[in-house]
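A.B. asks: Listed here are the chains, written in short residue letters.
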Amino acid sequence: METFEADYSKYDFKNSTDYDVTFEKGLSEDVVKRISKLKGEPDWMLEFRLNAFKFFMKRPVPQWGGDLSKIDFNDLTYYLKPIKDRAKAWDELPKEIKDTYDKLGIPEAEKKFLSGVEVMYESESVYSSVKKELEDLGVIFCDTDTALKKYPELVKKYIGRVISQNDNKFAALNSAVWSGGSFIYVPKGVKVPMPLQAYFRINAESMGQFERTLIIADEGADVTYIEGCSSPIYSKNSLHAAVVEIIAHKNSHVKYITIQNWSSDVYNLVTKRAFAYQNAYVEWIDANTGALLTEKYPSVYMLEPGAKANILSVALANRNQHQDTGAKAIHLAPDTSSTIRSKSICLNGGRTSYRGLVKVGKGATGVKTSTKCDALILDKESRTDTYPYMEISEEDATVSHEASVGKIGDEQLLYLESRGIPEQEAINMIVLGFMGEFIKELPLEFAVEFNRLITLNMEGAVG
Amino acid sequence: MVDELLVKDLDVSVNGIRILDGVSLDINTGEVHVLMGPNGSGKSTLSNTIIGNPKYKVERGKILFNGKDLLKMKPDERVKEGIFMSFQEPVEIPGVSIFNLMRTAYLKSGGSTSELSAFRSRVSSLMSQLGFQESFMNRSVNEGFSGGEKKRFEVLQMMVLKPRMAILDEVDSGLDIDTLKIIGSMVKEASKSMGMLIITHYDRILEYVKPDFVHIMKDGRIVSTGGMEIVSEIKEKGYNYYK
Amino acid sequence: MAEKPYTTVEEFKKASLKSFESLPFEPNRLFEKYIEREELFYPKAGNKYNTLKVMSSTQIKIAPGITEIPKAIGGVSIDDINSGFSSVSGLLKLHNPEDKVEAEVDALFNQGTVLRVKEGVAVPSPMKIDISLSSSEPLFNKLVVFMEPESSAKLVVTYSSTDDLNQLYGENLDLYVSEGAKLDIVLVQGASTGKNLALNRNMIVSGNLNLTEASFGGGFVRSRNLLKLSSEGAEASLNSAILGSGQQYFDSLTNLSHQEKGTISRVNMRAALSGSSRVLFKGVVSQEERAIKSSAYLSEHSLLLSRDARSNSIPSLEIKTDDVKASHSASSHPIEEDKAFYLMSRGIPRAEAIKLIAFGFLNQVLSGLSEETIPMRDIVDKKVAAA
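Protein chains in written order, with the numbering used here: chain A, 1 to 463; chain B, 1 to 243; chain C, 1 to 387.
This is chain A alone, in the form it adopts within the complex (with noise of 0.2 Å):
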């Protein structure tokens, strides 16, 4: 077989922008304090940063995934923000960053099904639509900045509820210097007739993104959203250390989205988790292609009976990347039930780890629970490990975990051959194949997207 290198010509462009207000590198209490004075920020989010940021400094860096030894927490900027206000029609914005999304292709996005575009650069949110469909049915949409400001009572209520500023080091980091992120609420019994999405990206050298996002969902409402991000190739290391928060009321229906393609350089540590209430359903549909180093294990809680989860992991890792990904699925009330799927790559020295947890609490029975993993190991230089952990503590839970490890069949290629596909070409196949069920999770237009984003991944050097 021959060496396949990832493709990110497409991405791969630096834009000088005149940043508004920059910060110098390194953290310190200082440093939150005027980042929450810029933002004109309540006292109580300013405490919130605060004890956020003592817990981080308290915390080690966690051991057990990935090597995250060379990050430097003092040679990262911690804001930027790149306009002084947001614009409200994409024609107000900067030059330098339409340029950027015209290369995305937002604007044809737009136009199409999609109904609002957060869109987030460096640290801001810069350009916001939210449509009269959204407003009428009461949905509010927006950026986290701007839902403080607007709806400040919500969002006390609700942030740090489901991912406690302790909860890990890089969740602490996050509740101390976030900023940008999207705010989700749903009124009881309202379904958002299409997908919600938000593109950001990271632009400037080390530059660290922190945004924070929170989904409500009230009682009866059901709502899809899907995230999707890139960044340009840089020679020092970035850090994206996200936080989601998704609360799921009764009998609601929450789905989240992500293609996470951060180039190689990205370090991509996210907190992703979900509290689900009665009879309520949440799905995490999860690809990672993309950063140096990912850890993420999008999580649900199911706290009242009923409550169901459903997580789809695709991971792929080519040269030099880890993705550490995986699920966790945690049943706290009798008759929740959850399926964990995951699917992963390695290629050129890669390296997928799946990292799971199936926890039935004690007091929680008729759970039924079922993990599947399967993962395409193409060379000998990758590796790819399962690590599932399952946690039973009631007799008459039903739990079943499966894995598969194998390389792609040589049979198969040497059919798809003989039918005049080259190999090049019959691996993409297998391999787009083998992501099968998470590509029938995406709304069509991220079908493709998805699509040509694996094949630019697993593309052989041109010439």
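Derived by calculation from the structure, the hints in this document are not laboratory data.
Given the structure is predicted, the values throughout are model-derived calculations rather than measurements.
We put the CB at the ideal spot given by N, CA and C, even for glycine.
Keep in mind that the hints are not guaranteed to be accurate.
To be verified - Where chain C lies over chain B, by a calculated footprint (3+ residues, C-beta under 8 Å):
(1) 88-95
(2) 103-116
(3) 181-188
Chains B and C: place on chain A using the hints.
C.D. replies: Quick look at chains B and C alone, frame taken from chain A:
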């Protein structure tokens, strides 16, 4: 002595859905009753209820065996009284050998350990009559068995347990001619010394065992009772004929 | 690890004591959060072993322990560890203890056997070692079994007790199976519940190894199976049936490493748990870079028979090369009602049906073994409480 199985005005539901509606039957020793009906009419529900499958809820009615209330008894207690049911879809029990199952059932039904070797020879002989090799003794119950093997094994157990009232749920479905012959003749022999309820979709088994009564079940009710003439009617007119 | 072999038992024990001091109880980060009651595995205060001094064999009173070591059979040499030490001292260098307790046993053993089957010898009948744990004094045992090339043998080791005194038993069982050799080993662990057991099995396999274990005794049973498939074509199967009741806790680790081409492993672990018993299955099956065309299968299944039984399992895989097959499956479930019902419909009362199903469940990993070797049916009858 004559045994009597009396089913009276039975209403049975599963998962909150009513399946049987006022079913009544009266079967005595030496009688062969046949129950026929379209798929989903409730035939298996009836047989499962008689043997005490906990999935089926009796809403109303009685099942008495020689005057004793079966509904108050657990399945194994009903077997002790002399009831036997052969399953339409026997379940697999990996790791439990056929011999282990037979031996335990024998001991539980009052067999004595001192007569175990006599018991074993009896099982051996029945096995060969039913076309099983000696090596089958060590196979796990129903694991990897073909449809025919599963049905033959059900009949084997019936012969070993020697019940006084046997309910055979589609013991003849999916069988090839040779297997049918073996099972047919064995069932015929057995019917002389017990009461029998044969549930069947076709009439193939009836070439071997002549019924005394034929019942048609439709939508959870017995809609017609008669003799062999009913079977011919069904062949001609189909089940839709019955309201 | 080609180093100078140990020359004396003392030297070996001294080196092991150094390791004891520096090694952790649980070397693998993956399992750190599951550490429990570590102190059970060190001798209690007030006991003459508490000072952890290295004791030479002449100083130690051999505790009432091992009985019935197999008589020396033609083609097989069986020696006490002290006299047989030199014949295996080179082998002992192939493996360094990985955790504190393993090192402790190597530093303190007061009992031991070296069993060696000579090249080409096929031992016709099974050899038996009976270990009786019947006192309150800690007992540490070093068992070394060396199968020379092309040899074959079957070994049965049983653990039992005549009292229920609280006792710590630590054992390092070192199995070396050379190329072309075949070893079948059956372990029947039925100690009383007062005994806490640390069973460390270090297996280096170039030939073929089948290990079958029935573990139903003891209070806290900590077993570690460390297995390396170190030559092309080496094969191993590990089958373990655990039956827990009362307050028993079974902490079982299997580290299985495929190091060479074409190696094959099958690990099947099952536990049936009643009362408040618990099992923790930890497994790491790895296929290293050279292990192309190797095939690994790991399965761990738990049958929970009571409300307070608990099962935790972490069956992990680490695959470092392509062109391999690796799969695993794990499950936890209660008694399936349709199986219970089928048996009841044959006149078997529910309590008996549950025992039969539990037996069938465990028997699937013991298939092929006779009732004389492991009387599983009786064991299940005694231990599975009526539900």
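A.B. asks: Could you run down the list of hints and mark each one as holding or not?
C.D. replies: Now for the hints, and whether the structure bears them out:
Chain C is given as covering the stretch 88-95 of chain B, and this holds because 5 residues of the stretch bring a CB closer than 8 Å to a CB of that chain, at least three being needed. With 4 residues bearing a CB less than 8 Å from a CB of chain C, the stretch 103-116 of chain B meets the requirement of three and the coverage assertion stands. Coverage of the stretch 181-188 of chain B by chain C is violated [criterion: at least 3 residues with CB-CB distance below 8 Å; count 0].
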